[in-house]
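Engineer: Those sequence lines, one after another, are chains S and L. Residues 1 to 555 in the working numbering are what the first sequence lists, from first letter to last. Residues 1 to 1066 in the working numbering are what the second sequence lists, from first letter to last.
The hints are simulated quantities; they were obtained by calculation from the structure and are not laboratory data. Built from N, CA and C at the ideal position, the CB exists for glycine as well. Hints may contain errors.
Pairwise CB distance ranges, derived in the manner of DEER restraints [stated by the list, open to error]: (1) Glu387/S <-> Asn890/L: 39 to 47 angstroms; (2) Asn359/S <-> Val901/L: 48 to 56 angstroms; (3) Gly843/L <-> Glu143/S: 46 to 54 angstroms; (4) Asn890/L <-> Glu251/S: 43 to 51 angstroms; (5) Gly273/L <-> Tyr321/S: 33 to 41 angstroms; (6) Asn53/S <-> Asn828/L: 32 to 40 angstroms.
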Amino acid sequence: MRTNIFIKAKRLVKVFSYLLPLTSYLFISCSENYLDVESKTESNTSNFYKTQNDAYRALIGCYDGWRQTSSNPGFAFYVASEVMGAECFGATGNTDGRGYQAVDRFDIAQSSSDLNLYEADWARYYQGIYRCNELIKYEPQIEWKNEALHEIYMGECHALRAIMYFDLVRMFGNIPLLTVATEENVPQADPAEVYQVIFDDLQYAIDHIPANAYPKADAANNDGHVTKYAAEALYARAYLYYTGYYGASIEGVTKEKALSYCEDVISSGEYALVPEYKNLWPAASAGIAEVGDAITLLGSYAGDGNSETILAMKFTNTQDYNGNNDSNRWQVMLGMRNLPVAPYGRGWGALTVNPQFVNQYEAGDTRKKASVIDIVNEGIVNADGFEASFKDQREYTGYVIKKYSPLCFADGTSAVKIDGSGGFQEQNHQDWVIMRYADVLLMAAELGSGSAQSYLDKVRARAGLQPVAVSKAAIMKERKFEFAFEAINYWDLLRQGVDYAAQQIATNGIDVLSGGNADKVVISAENILAKKGLCQIPQNQIILSNGVLKQNAGW
Amino acid sequence: MQKNSFKQSLLIVLLFTMQALSATLSAKPVNGKVTSATDGEPLIGATVQVQGTKTGSVTDLDGNYTINAEQGQTLVFSYVGYLTKTVKVGGGSTIDVTLEEDRQSLEEVVVIGYGVQKKKLLTGATTQVKGEDIAKMNTTSPLQAMQGQTPGVSIQSTSGQPGSGLKVQIRGLGTVGSSGPLYLIDGIGGDINTLNPADIESIDVLKDAASAAIYGAQAANGVVLVTTKNGREGKAEISFDAYYGWENVARKAPMLNSSEYMTIMNEQQINSGNQPYDFTKMKSIYDPQGNLYDTNWIDQMFKDNAKQESYNLGITGGNKVSTFALSLGYMSQEGIVGGKDVSNYERYNFRINSEHKIIDKLLKVGEQVSYVYTKTTGIGVGNQYNNTLRGAFGTSPLAPVYATNIFDGSQADAGSEASSYNGFYGSPYNATDYSDWYLYDGNPYGSMMTNTNNENKGAVFSGNVYAELTPMKGLTLRSVFGAVYNTSEYRGFTPFYHFSPYNYNDTRTSANQSMNHGLSMTWTNTAQYNWNVADHAFSALLGMEASRYEGTSVGASNGYLKEGFDDWKHAYVNNGTATSTDDGLGAGGSPHGDSRNVSYFGRLGWNWKETYMINATLRADGSSKFASGHRFGWFPSVSAGWTISNEKFMQSVSSWMDFLKLRVSWGQVGNQNISDYQYLAPVKNTNTHYLFGTSGYDDTESVSVLGTNWGAYPSRVANPDVTWETSEQFNIGLDARLIGGHLNVNLDYYIKTTKDWLVTAPVLATVGTGAPTINGGDVKNKGFEFNLAWNDMIGKEFRYNIGVNGAYNKNEVGSIPTDDGIIHGATNQLYDNAPEFYRAQNGHAIGYFWGYKTAGIFQNQQEIDEWISNGNGVLQADVKPGDVKYYDINHDGQINDDDKVDLGNGMPDFTYGFTLGFDWKGLDFSVQASGAVGQKIVQTYRNHANAQANYTTEILQRWTGEGTSNKIPRVTTTNINWQFSDLFVHDGDYLRISTVTLGYDLARIWKNKYCKQLRLYVQAQNLLTFTKYKGMDPEIGYGTDGWVSGVDVGYYPRPRTILVGANVKF
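Between the sequences and the hints, there should be enough to build the whole structure, so can you do that?
Structural biologist: Written out as structure tokens, the structure is:
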């Protein structure tokens, strides 16, 4: 028995002495393969950017990135343009932080700990630019099946990058310029270099997107794409801003070129002014509707992608708290503070309208009523909840932006969804019209078009006004009212010189009511001059860059 | 009896006389029984030896022995795990002996990586806790029972909610990433929290790198080895343990009552330049009888006498071929917040372990199999936006809990005439929509009771099968295949509710369900060989291990549940009627990331006469988490020990110094706990859409159209070079056993450096996409641990023990790989729009609190003027007496981020614990306590951005005029005096009497042959807490990130529990 076991044991040892190295060998040899795993649901850069379809998905990614500057913003370009400009005050709730006041008055002492007002915006723009840079980088490795689509996609991609850099450089002036994605700590570029990229990219879009790529006739399906005409109009806008604000020029970027692009848009016949000004804006054309009644709600609104829209940023009411950022997130800011009075939906009461601006409209200008909610004259003061709203409002002026006011139904339910189920804070989705035909007409006039007088007349006639003789001053004045609250006026002021802008924006003290108590808005021209009208660069980014990024003067 | 002893004495005298007469008295047979003092059971195989001779014997299956010994000789009784006892042979021939269990025996073995080792040969720093010590604490999780018993292992609750996990850090926080230790249950990874404490034989914590290095890449944060109970040869033993307890909150936060609240609200108004409120005109704050409402929401949230119960049945036994242990357990615990319906935990455990000798002395096989089923319901215990309890702190006392008027649901019914009402969905709870005090107040209790509809069921089947072959003496080949299959199911329901204009769901009811399953498999093969060459003893271990994990999740949700089926009971996806995602229809299913590991390891041990010893280990680990070329990591260790007490020069002190050993060790271990595919740049295509066209305002289909308009972009920078995080540790320790084994001392000092952290360090925004996981940053933990244990008896029956332990740790971060050397904490955590308040930064502890330092309160205008004229800044735009002086650290006339400083951190500098116990004639008593010193707590029960939020009564000490307070500022409607500063930071030192137990074994007086033990006991858990902290619980493991602790935004406190229980053994 003992021997038996002993023999068995010996045999087993022998077996093991063969088995052990064998199994080890097997494991070592296959362990490299054994350790290879891959995701079953997610692509990565080694297997994406291969097909034309991948390129289309990546282009949507670029549009999404661009839209996130408004659908997932910090301050948002729109809000910044309005708060800094002469049209609006910062306002917001009476107990809110004073960050909006710091921006409005170009004075960090208003809220000295607010050193990162624009951090999210700064990040969103670079995220959008990154997506464009990646698509441009991978362009050569994509198997293009259709050369026409290749041209269009890449044209749009370049245009989007230009649009984002144009916003960024206008706001911050001194920004890092990345045309290839990098993790490096890039210092700020000379603005001229940034504009060079902007003009090159727009030129690329003009040259590559055919005029018939996205015809207006098919707006129902293609509205929102950057067209050749949009790129041309933006080229003119960038030309006017760069030459105006910096008083410099870039080789090959000429007034003649800018004008010819405007004329090209006009002569294309694709666009026309919407006959009634108010119909451009949902809140100005809306009716008092019951929940579910879209027809009454929208009233005479000319609709998204109407004949006048050259470029709009598109939103949908699909914002949620699960990562979808598709809605217009700044719209809620300017709604009346916590006060829905049909058709005007509730908001947070920021961007109250400067009464001095309202007072400057010419008599008979139909744009005034279409642009501004007049709280007293529209009877809102009698509404339930007005008192509470008023007491909670900072820098109440009696005037609120109408063009982008949120909408609600008769019972106060937010109208962001027709069935009334939408969230008033996050699901507003009015398209942001970035370039209107009227703008092209006035830019063409300003750039010295032979038809300058008729272009100006058209715009005035639509507003219900008599013709005036065309001149730079007349055009600039017209622009002010035509494009009020469209995030244009501030930049129009700046391109007439920082001194001029500072004079126009500064105020010795306009009476407002904060929390129902008397308050004054004082904005000093010196503060604006010190900052050259530029925004604060996020301190966190300066810290992260270890000082490679420099704060703008004055901030 | 007396007579007998008289006779005996007489005999002894006689014998001595005889001995004197004849020096050659022959040996006689002596017999007797050896039993254990612990349970009276016979000890099988105990050694009996005649001192100074080679004569020896061993006890049989009944504990009986026979030995030949001469009168006057001394018999030495010894048994592994028991204190040796000596008895002089007298005249009689029967000597029965009861041996005391030796809780600190050096002969005992402890569990080490892939094996066991005699305690006295250990060269690393490990701590063992016995299963019985864990079981008698009656905690839900074994980890909680270890609190205060294991120096160097910090165990903090992350919430008092039943079933919540614990935050465990061994020797300080080593990383901002995954910092929990590796848990191995019988060698296989598993969840220690759901383990039945009654199944545990022992828990061994490997604290130093040398002990843990054999686990290589998974061991950077230490290793916890759990060994479950196995059967023993002998008669089957049945045990039944049960307890039943009542839980209550130990301390509630005192909030302002109505009159105090109104005073403060008015004072705020006046201080902020507004008119005071006219409360007399507000109808909604008075009940129909005209009495002012005065709701204490905190009281309302807590439930009295929430119950806790546990029942456990165990059977062990075996014969010469097979042994087994099986158990069946059930436990449940109700939450003290809201009670069973909203906060509850239930668990069912089943386990069977057995071992079979297939061929005697050659081959044995066995298995350890367990099944756990848990059912959890819980309230939100997260940050300020996901914390159910927090609502109760902010809500004003001026509204009732229940509505006095219930309307039929139409809003038109509800008028401001009614003082309280709920017109929505038949809810009995008050809604504040028409409150003329504060519309947005809401109803935290109603909200909790209405909106907490969730249930998580989890089942884990885990087990291993092993075979062990001993082909020749000293060689053991072992192969273990282990698998853990877990599956879980979640179900949730959102009802209609409406408590305020901010807190409502008027859209639709919805149900969601999800299921997960995962399987991990591990195959381990080891060969162990022990041999001796003269006095040199060697042991070698070689092994390899392969493991993999895979799993899937599926989930679905649906909205608009059909009538009659729109409640929690019927909240299943099939009852939803929605047809579009817009209406809440959703589905998802995805695989979990596959992960795989392959490892090879070895250990070589040597000792000379158990006096000098060296152990060295090496492990190579390959992981699928990293790119080819960066997959394998090498983790070495070496450790040495010197038993000084074996040396000749120690003989002079050997009378009191039984044992003294010095240990030194060094090793490296790794960490690979990151998400999958970090070496690639993933292309994200979810949440990325752009809808072209003019569907516009009236379009309700936009969501579905959106679905097909998806885009994509690379969502993260790839880091192909990402690889192991490494923890390197040096340890020096001393073990001593003194005064006849009564006193045991362990001391350890360590320096642990964790480097090449796997971190997602922030990148510049210009990078434009998600930050990669990189290797960078390090942290040094230095610390000291001690453990003292004293066991002794007074007289024959009174046994007692005292244990004290403590650990000091210092944590300091270095070389964070970002341009600014900082890893930033989350924002928006303490109050609305709150800035970052904690960070990891070079030169500071991980997760230190970063904020303004305050210099008291401005008492008058003159002070303000002087402050400013001295060049100091103020943060308040319109500063007034009563406002907080924030230190202008850099003296630049401005208060901003540059003035924020280190305000301490949430990790204790020193943790300690003590135990005290005695038993006397069947009566037992014990006390366990644990404490911590040096940690700070950031407390913010109030969202200061909301002017109407209630305060704790601390605000009554506010500044109201010159000299009234130099700490708490005047009240205003803004939060300008409540920007994150040291005013939020409190000392968190505490000493907690965690358990006090008193028991009695009735079997002592009620002798019967069936029942060996019948112990009844009462226990108080969390009986007393000594602390200066004014929150509800000073033990706050919660942080808004894993690497920060001590953030109290409304912490679910641990309950105080009184329980009664019984332990029965047959």
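Engineer: Determine for every hint whether it applies to the structure shown.
Structural biologist: So, going through the hints one by one against the coordinates:
1. Glu387/S <-> Asn890/L: 39 to 47 angstroms: Holds, since glutamate 387/S and asparagine 890/L (Cβ atoms, about 46 angstroms apart) stay within the stated range.
2. Asn359/S <-> Val901/L: 48 to 56 angstroms: For valine 901/L against asparagine 359/S, whose Cβ atoms are near 50 angstroms apart, the range 48 to 56 angstroms holds.
3. Gly843/L <-> Glu143/S: 46 to 54 angstroms: This hint holds: roughly 53 angstroms between Cβ atoms.
4. Asn890/L <-> Glu251/S: 43 to 51 angstroms: holds, 46 angstroms
5. Gly273/L <-> Tyr321/S: 33 to 41 angstroms: Given a distance of about 37 angstroms, which is inside 33 to 41 angstroms, the answer is holds.
6. Asn53/S <-> Asn828/L: 32 to 40 angstroms: 39 angstroms Cβ-Cβ, so the 32 to 40 angstroms window holds.
Consistency note: the structure conflicts with none of the earlier hints.
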